[in-house]
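Visitor: One letter stands for each residue in the lines below.
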Amino acid sequence: MLRYLIPLVIFIVLAVFLAIGLTRDPHELKSVLINKPAPAFRVPQLKAADKMISNEDMRGKVWLLNVWASWCVACREEHPYLIEYAKSGVVPIYGLNYKDRREDALATLDELGDPYIASAVDFDGRVGIDFGVYGAPETYIIDQGGTIRFKYVGPMMPDVWKEKILPVVQELNRQGK
Amino acid sequence: MKMSKLRGMNKSEMNKSEMNKSEMNKSGRGACPRSSNPSYGGGKPLFLTCSFQTWGKPLFLTCSLLALLICSIAPFVKAQVQEEEVPSDDPVIEARLQSLSKELRCLQCQNQTLADSPAGLAADLRREIRVQMKAGKSDKEVIAFLTQRYGDFILYKPRVMYTTYLLWFGPFVLLISGLYLLFHYIKQRRDLITEKPLSADERRRAEELLASLPGKETT
Chain A
463 MLRYLIPLVI
473 FIVLAVFLAI
483 GLTRDPHELK
493 SVLINKPAPA
503 FRVPQLKAAD
513 KMISNEDMRG
523 KVWLLNVWAS
533 WCVACREEHP
543 YLIEYAKSGV
553 VPIYGLNYKD
563 RREDALATLD
573 ELGDPYIASA
583 VDFDGRVGID
593 FGVYGAPETY
603 IIDQGGTIRF
613 KYVGPMMPDV
623 WKEKILPVVQ
633 ELNRQGK
Chain B
148 MKMSKLRGMN
158 KSEMNKSEMN
168 KSEMNKSGRG
178 ACPRSSNPSY
188 GGGKPLFLTC
198 SFQTWGKPLF
208 LTCSLLALLI
218 CSIAPFVKAQ
228 VQEEEVPSDD
238 PVIEARLQSL
248 SKELRCLQCQ
258 NQTLADSPAG
268 LAADLRREIR
278 VQMKAGKSDK
288 EVIAFLTQRY
298 GDFILYKPRV
308 MYTTYLLWFG
318 PFVLLISGLY
328 LLFHYIKQRR
338 DLITEKPLSA
348 DERRRAEELL
358 ASLPGKETT
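Here the protein sequences come in this chain order: A and B. When the first sequence is numbered by my numbering, its final residue is 639 and no position is left out of the sequence of numbers. When the second sequence is numbered by my numbering, its final residue is 366 and no position is left out of the sequence of numbers.
Bound conformation, chain A alone (with noise of 0.2 Å):
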């Protein structure tokens, strides 16, 4: 009986695994990042190029970075959310504009409205190395002292802005005072 049984443990086993491993998105890579120090970076400022943006700018406060660009179909499923997620207040959202143009960045900004209190800009991609970027949109959470604390990639619907972002966001602001 015993060895009958064999092959039908064994087909469960592989059935398990493979069952988990469907469920699972290859292209979520965990970022190296977390809790390391986020990358410098000093560049020019989307809408007024005159102005640069730093990191620097950025310390003492809790923000996102969100990487978008123009061409990319899935930052245009997140943007309504973006301008409710800033309206809100809970959080400064700051824009990374990742190989894009400045003509076709500032006019979906114009179309769609803009979320963010300032967007760095990334023509080539280089600020985007730096942080891991492999494409848009990526968001990070940056805490007081400029450590990356979360990352999420893809859009932030809401179902993951409540379940994801703002529980990290709460918690940081919470420890920061």
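The reader is advised that the hints may include incorrect statements.
To be verified - Quick list of in silico lysine-lysine cross-link-like pairs, DSSO-like style, CA-CA up to 27 Å:
1) B/K343 x A/K492
2) B/K287 x A/K498
3) A/K498 x B/K334
4) B/K284 x A/K498
Just so you know, these hints were derived from the structure itself, not from any lab. These numbers come from a predicted model, not from an experiment.
The hints should help you fit chain B onto chain A, whose structure is shown.
Guide: Structure of chain B alone, referenced to chain A:
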């Protein structure tokens, strides 16, 4: 056209749960371009080749619909900005880049190496590697630079460490245990089929059996 597919998909999946939706969006995020210069606005010539006089009404309708489709997509369709890749004028750097980028993974098209991938990110990373090599960084330093940002996943050949022991040595363990089981099985079978002289007990039983057969004489 990739766009329209994605958008269409989102529409048809509208009724599914929020979780499914966001998951789908995620998969729509990291698209792998087929050419090094993706431009999704390339549908316009198709419209221009259609003309009412030569092809008649049905085709005109089709063309109009197509044009409408293209126009409705066009405002969203913007190509990712990609600087042209300039090979280094130093052949040594170019050769080093060639061999190194074969060991690195493109994060966008994960089953391609940095050398093969036409994705924008791969081109950016190749450009960055050229810059670093020109600045005199060794291959090891370049790899350290990349793994600090993208993690070990960027290495096509995973490092040998405790989390990858199973990956590296698992196949050998399987092979050895398979061989062991095979020999064990063969040995067992050989024991079963080799001829051995009957023991006294067995001989007596055989004789009894033979004796019980009708019309046969025992020897």
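Visitor: Can you confirm whether the C-alpha distance between B/K284 and A/K498 stays at or below 27 Å?
Guide: Roughly 23 Å separates the two Cα atoms, so the pair holds.
Visitor: Run the distance test for A/K498 versus B/K334: straight-line Cα separation, threshold 27 Å.
Guide: This hinted pair is violated, its Cα atoms lying about 58 Å apart.
Visitor: For a C-alpha distance cap of 27 Å, please report whether B/K287 and A/K498 respect it.
Guide: Holds. B/K287 to A/K498 sits at ~22 Å (cutoff 27 Å).
Visitor: When you check the alpha-carbon spacing of B/K343 and A/K492, does it fall within 27 Å?
Guide: Roughly 64 Å between the alpha carbons, so the hint for B/K343 and A/K492 is violated.
Of the numbered hints listed earlier, those contradicted by the structure are 1 and 3.
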